[in-house]
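For the protein sequence lines, the chains are A, B, C and D, in the order given.
Using numbering that gives the first Met the number 0, read the first sequence as starting at 0 and increasing by one per residue.
Using numbering that gives the first Met the number 0, read the second sequence as starting at 0 and increasing by one per residue.
Using numbering that gives the first Met the number 0, read the third sequence as starting at 0 and increasing by one per residue.
Using numbering that gives the first Met the number 0, read the fourth sequence as starting at 0 and increasing by one per residue.
Distance condition first, Cα-Cα at most 16 Å in a straight line; then the derived EDC-like pairs of lysine to aspartate or glutamate:
#, chain 1, residue 1, chain 2, residue 2
1, C, Lys-90, B, Glu-17
2, B, Lys-8, D, Asp-126
3, A, Lys-42, B, Asp-265
4, D, Lys-137, D, Glu-119
5, B, Lys-51, B, Asp-91
6, B, Lys-24, C, Glu-77
7, C, Lys-2, A, Glu-2
Keep in mind that the hints were calculated from the coordinates and are not lab data.
Everything numeric in this text was worked out from a predicted model, so none of it was measured.
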Amino acid sequence: MREFDFYSPTSVPEALELLRKYKDSNAIVAGGTDIVIELNERKHTPKVVIDIKRLKELEYIRFEDGLVKIGALTSHAAIAADPRIAERTRVLHTACAEVGSPQIRNLGTIGGNLSTASVAGDGVAAMVTLDASVVLRSKDGERTMKLVDFLNGEGYDKRNALQSDELMTEVFFTEPDAHTATAFYKLAKRKSLAISVIGGGMRCSVDDAGVVTAISLRGGCLGRYPLQFKAAEEHVLGKKLSLELLRETLPMMHDLVLDLNRNRPWSVFYKKESVQGVFNKLFVDILAQLNMEVGA
Amino acid sequence: MNNYSVLGKSEIKVDAVEKVLGTAKFAADYTMPNMLWGGVFRSTVPHAYIKKLNLEKARALPGVACVLDHTAIPGGNRFGIIIKDEPCLVDDKVRRYGDAIAVVAAETKELVHEALELIEVEYEELEPIFTVERAMEEDAPKIHGDSNVHAKKFLNFGDVDAAWDKCDIIIENTYSTHRLSHMFIEPDAGISYYDDQGLLTVIASTQNPHYDRGEVAVMLGIPANQVRVKQAATGGGFGGKLDIGVQLHCALLTYYTKRPVKIVRDRRESTMVSAKRHPITMHAKTGATKDGKLVAVDVDMVSDSGAYASYGPAVIGRAPVHIAGPYECPNVRCSAVFYYTNSPMAGAFRGFGVPQAAVCHEGQMNALARALNMDPIEIRLKNAHKVGTVIPTGQKLTESVGFADTLKMAAAKAAEVM
Amino acid sequence: MNKIKITCTVNGEAVCREVYPNQRLLDFLREELGLTSVKEGCGEGECGACTVIFNGEPVTSCCMLAGQAEGADIVTLEGLSKNGEMDKIQKAFIEVGAVQCGFCTPGMVLTAKALLDKNPHPTMDEIKLAMSGNLCRCTGYAKIHQAVAKAAAE
Amino acid sequence: MKKRGRGVGCMWYGVGNTGLPNPAAAFVEVLGDTSVNLMVGCADIGQGSSTVMAQIAAETLGLSYENIHVTWADTAVTPEGGATSASRQTFISGNAVKNACLDAMGELKRTAAEKLEVPEEDLIFRDRMIYSAKDESKKMTYPELMGAMKYYGRLAVGAGYYNPKTTYLNPADMSGVPYEVYSYATTICEVDVDTETGEVDVLKVVSAHDVGTPINETMVEGQIEGGVAMGEGFVLFENIEVDGKTGAIKNPIFSKYIIPSNMDVPEIYPVVVSSEGDAGPFGAKGVGEPALIPMIPAVTAAVEDAIGCRFTHLPIFPKDIVAAVKAKEAEEAAK
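Bound conformation, chain A alone (with noise of 0.2 Å):
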């Protein structure tokens, strides 16, 4: 590891202050699951290096004004282990369960996913799936954007729209209703401590009728960021749902798996192939959710 200063604010402001400062070449370590270890591999060489970790008042997870917010250094141990994420938004819980192993997700955080924004991140996948929006601050004020838009931001590191003096302080997505199901499935090269091969993420939402009133399919390690899987979407949405209706969705994921990565012959295959099955296996959760929730 090559020589830096480090601090340890307390405060978002003491934080903020830093960042602004230190602009030109600082990094921020969190749960540090990625950047210690670019550190200690001396792949990244900042003059300063600031934990944010002793901000306790973004760790939380709060249902208010029928948002759930989640601060961006919540830990994936505490959103797994939250009944109501639990209950209400499956998808984030079981991405949050199986990232890494349990000893990283008592270090990785929320925000720390979504800065880093690595292809594979699974917390990426389910908050694209929930379609939600982050908070950045920095000394001159907030910014709140979508999340897709974050991710296809082009800020210092060209990474997502984060600037270098910027904090991700908060993600947030509209608590879903007694109407909605949501899941998501980690098919991936073992059952512990791994990456995603693709990380699949839905959302359904229905009418007391059954007919399907809204649907994100996001299928995560497919592209840079989460694929949308749109045309699926919108053969879904107005109808009324079912096992076969979804299941006449799985040609068009195929499509558009081989479409975007004819480029990668090595992969595209198994993916253009898998991806079904990850969904077929989300269909399958989501009607039984939804069963119950209706049936209720």
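Following the hints, complete the assembly by docking chains B, C and D onto the known chain A.
Frame of chain A, contents of chains B, C and D only:
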């Protein structure tokens, strides 16, 4: 049943207490007064002459105690468990990605990294060989000497050619196995120093301390009894710590600095440098009677043995002997050829070629059972080795052949739990 | 580079050190404090050999900076036996034969300790889930699971 | 859809190096207080060889396991042990320890025979007692024996080595005696295969190993369980990828070279099988490598059985399973 007083009992392991207390000392856990950290500068090309090597900038870095290349080696610069073909530090040419070119000792770990980054090398690259197909061609560059054939074996038992006529069924398949890594959880590490009797001492993570002693003595040109190698608690090996690890480099740095030197490989370096399982391609032809008795087995195998011999000669010796499996077969033939290439070095890995052979003989056995519509246990029992069996080297088994019992007991247990 | 001061509790004892910040918690524990039961197997948070209990939770100390230990309560394997008396998990590992090479053992024992502190009577599935961040190449995990279950039953 | 399958795999394994001398040695000293120093070259890498050596020494000397202190793998103190490889240490270093103990027992037997006034060949050393096989009333304790040794000024020291009875193999056809003994094993494996995603759940594994005589049953089971996990990884998870231009290993780290986690391993049922023989120490043979080998063909066969496709090229990754299923479907559709 034998009546023993101590044997057969599940005694507590002699090292269990210190391991659960965390006091067991693995090589990286040793530290000594005045200790230096060591590191190795390695090639990033697979096959090349070294045109220029500049160590001066690294040597000039404050806190660096010493930077050495092959010219510093006082004794021999070739090692290897069976064939001495690997240099401690490259003197003629680089043969694989990761070959050791220079060693550094410095006051801190961080300084070792910085010194390694200051070493400059210029290569004259040669065509690298990564396939056996290319390795066997006439015009292919030679990795060692004048042939890329690393080793050849031929096993011949009975009369295979004459046997095919006696077969009711012949099964023919090509099998291939892949390159694998031991992935012991403890990366290689070691520490060297002169003890209070003046013995050059190396404490290391190793499966083979007496072999290590000999190699260190030869490299330094000193009698073997002037070298002491002690095995530290070793975090797994599976064959991957049979080749010499950090021992030579530690010892060389201690020889020059007269100070304790510790080298701890990180995971990348550990995986890069240690031997891999031989990937073997096996073409197999197996003949049997219609009631499932083996009549003939004929296998051709080739393997990419990588840049150095390592335990390749042991693997190529073992695989043909085991190729027919634990089954009686009056006619067996196996031809094996291993090639040198610029691939990662293949060597010892739990099984020494027998896992690969088992993929072949069991693949054939299962195919045979299916073709004859026989139960897989039944066909194996029919052919199983027993006392009195003559194996394909002509050896007659005289005792301790419990194969049929393993078949019967496994089948019984499976019937109970599955 | 400025040194930083780290004040924390390690194995029940107050520790105060001035150190350079460019080291991991793993390095701080091993090299500054000499707690060499904390092992480095991968340096990327994958193998779990460097697991310590940090404020009650198992974490991989290779993914944390030394400076993040400020104010924390940290337990390493050295802190598990009290007055020469082994923890029941350590005893169970010995009795069941869950130790082979022993390099993953410190992380395994600590992960199990963090589990049993919170959930003294876990099911086998809970044990497996809790231990799923620690790789072992020797044992096939069977006896490790048995040892944790045995310790929990005592 | 999930499909279940079952497969059988077997192996044999010659213990020790192939058709080559590969001796190992041991030193032993029984001290006046009946504690024992045993020095073996054999490296213990966690498999438990030092424990095995202590058990063999205790059994041979008629002392208890706790009496034996083992020093291992220190070239200034311990004699040549050869490599910890080829599943050879229980067999070869084990025999060396037995021989060293028998050497040390020369003086012990002479002294006991004199004191008890019985022929040396009638003496039994067991459980810290020495007695006559013909007349068990003629007996003495080990401390009494060591007292007599001290009186006579005799020391119980021994050195021993063992080189397996093999021959060099004929270069023309490999004929000869490559190994003195062979271990055998059978593994049966049950899997579920998801035909849509190619995921494999290895459910249960029975692995039966002929180890001759188990020296330490728990450690034998430990080897078998570890071998099953490694065999599962061999077939279903692991593969070293090499860069086609530089020859560098592309996946040298645990996040990219996938070994089984605890959530991946099946329920394992080790079965320890004995067989009669005199070559090994008390009939013992090796199990270190045999533990791994039969799982490889067994899990392969189980996957084949589940989906009705052949796999002759390893590894079998989910993508290979999906490809095989698709190819089979296409073939069946064409019919």
